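Engineer: Dock chain B against the given chain A, drawing on the hints supplied.
The residues making up each chain are set out below.
2 protein chains.
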Amino acid sequence: MDQPQDGAPDTAGEARDKTPRTERGRRTLRKLLDAAAVEFGERGFHEASISGITRRAGTALGSFYTYFDSKEEIFQALVRYMSEQLRDHVTPLVQAAPDEISAERIGLESFLGFVREHKEIYRIIDEAEFVDYASYRRHYETTVARVRQRLEAGAGRGEIRADVGEIHAWAIGGMNVFLGMRYGLWDEDADISEIARIANDFVANGLLKRN
Amino acid sequence: MDQPQDGAPDTAGEARDKTPRTERGRRTLRKLLDAAAVEFGERGFHEASISGITRRAGTALGSFYTYFDSKEEIFQALVRYMSEQLRDHVTPLVQAAPDEISAERIGLESFLGFVREHKEIYRIIDEAEFVDYASYRRHYETTVARVRQRLEAGAGRGEIRADVGEIHAWAIGGMNVFLGMRYGLWDEDADISEIARIANDFVANGLLKRN
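Same order as they appear, the protein sequences are chains A and B. Here the first sequence stands for residues 1 to 211, where the numbers follow full-length UniProt numbering. Here the second sequence stands for residues 1 to 211, where the numbers follow full-length UniProt numbering.
Put simply, identical chains are the same to the list, so a pair is met inside one copy or across any two.
Straight line, CA to CA, 25 angstroms or less: simulated DMTMM-like cross-link-like pairs of lysine to aspartate or glutamate:
{"hint": "1", "residue 1": "119", "residue 2": "166"}
{"hint": "2", "residue 1": "119", "residue 2": "42"}
{"hint": "3", "residue 1": "209", "residue 2": "194"}
{"hint": "4", "residue 1": "119", "residue 2": "141"}
{"hint": "5", "residue 1": "209", "residue 2": "163"}
{"hint": "6", "residue 1": "31", "residue 2": "88"}
{"hint": "7", "residue 1": "31", "residue 2": "126"}
{"hint": "8", "residue 1": "209", "residue 2": "99"}
{"hint": "9", "residue 1": "31", "residue 2": "69"}
{"hint": "10", "residue 1": "119", "residue 2": "84"}
{"hint": "11", "residue 1": "18", "residue 2": "84"}
{"hint": "12", "residue 1": "209", "residue 2": "159"}
In case anyone wonders, no lab produced these hints; they're calculated from the structure. None of these values were measured; they are calculated from a predicted model.
So that you can see chain A by itself, here it is in the shape it has in the complex (with noise of 0.2 angstroms):
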């Protein structure tokens, strides 16, 4: 179940270095990147086509291959692009917020925010799971880490319970993508301050009664 799928690379194709040296082929690369997002996303791995991710990106073919070998290589890329941009995304708001209760409410509020802009990171990370299975884990397990260090760090300031630790926030992680899910991507219309504020009273307080 764990096999990467269709001959994707199981190792992170740094074999050449590729990262570009210039301001220009920075741009280029992100360009390559965001137009890779709506190609895979509209169309799916299988689909997708180098040729129509540079059209796209209005780039030369050669272009793409200054910075990727193929298909398999750039949604590779993709997938830790998409989440670097989600926690590029999220993780300045978080910071700022006054106490880790409040920290978890708006990091939920600001990836429904980022799911609604970016409809497509969900078919994409997901596909991962067939296409490259290291980069679905990956992303998993760096995204759940980071609420994870939140969660000791709120504990280490005695805002939140002593006890918390990766369970929790595989729990949390879990919760957020779900919420991702049916608010963000499914439902547009949803008041998506009033679904993290709930499911915040939830995670600060529980199921159980409180006087």
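Structural biologist: Then chain B, alone, in the frame of chain A:
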């Protein structure tokens, strides 16, 4: 993002009634579905074949076409079958629980046990996102609807807070799916009773410190 891929039928191929009428027919149908779980679980939808399924089932090709018109159709039936097997495994255990908080603990523990025994469930349900989106969505919607029903019944009996609803149900559903992936699928050795106990304490009490 929500259209089915690869020509999978969008409607529930129920045009002609292929429900088996005899016990022998039901047995053959179950054999085909169990074989399909192995074939799709090991090879994925695109690599899987009808002859691979009948070979594993030890049935003639004709038996397949008695019950299914295509690979898409048995895949769709398989998603529903796995969803129902999971329900039939979890529901009686949950219903025997003394209260709603215990029911959620038992629900998670029995789900983790089911995943250990049926590792292919993740790959099959998740591939439905690409092969038959309607089945994918229906699986989660019906699973979460059961959680919601439990929560609201527990609230009605005064065992948990009165304001539980759909958002709490999606939160718990996501939590369980992620804990299942992390500790059922990826980690053979984790003590699933202990995972369920810790997660359940979080579900009951939340992150805040209690005295």
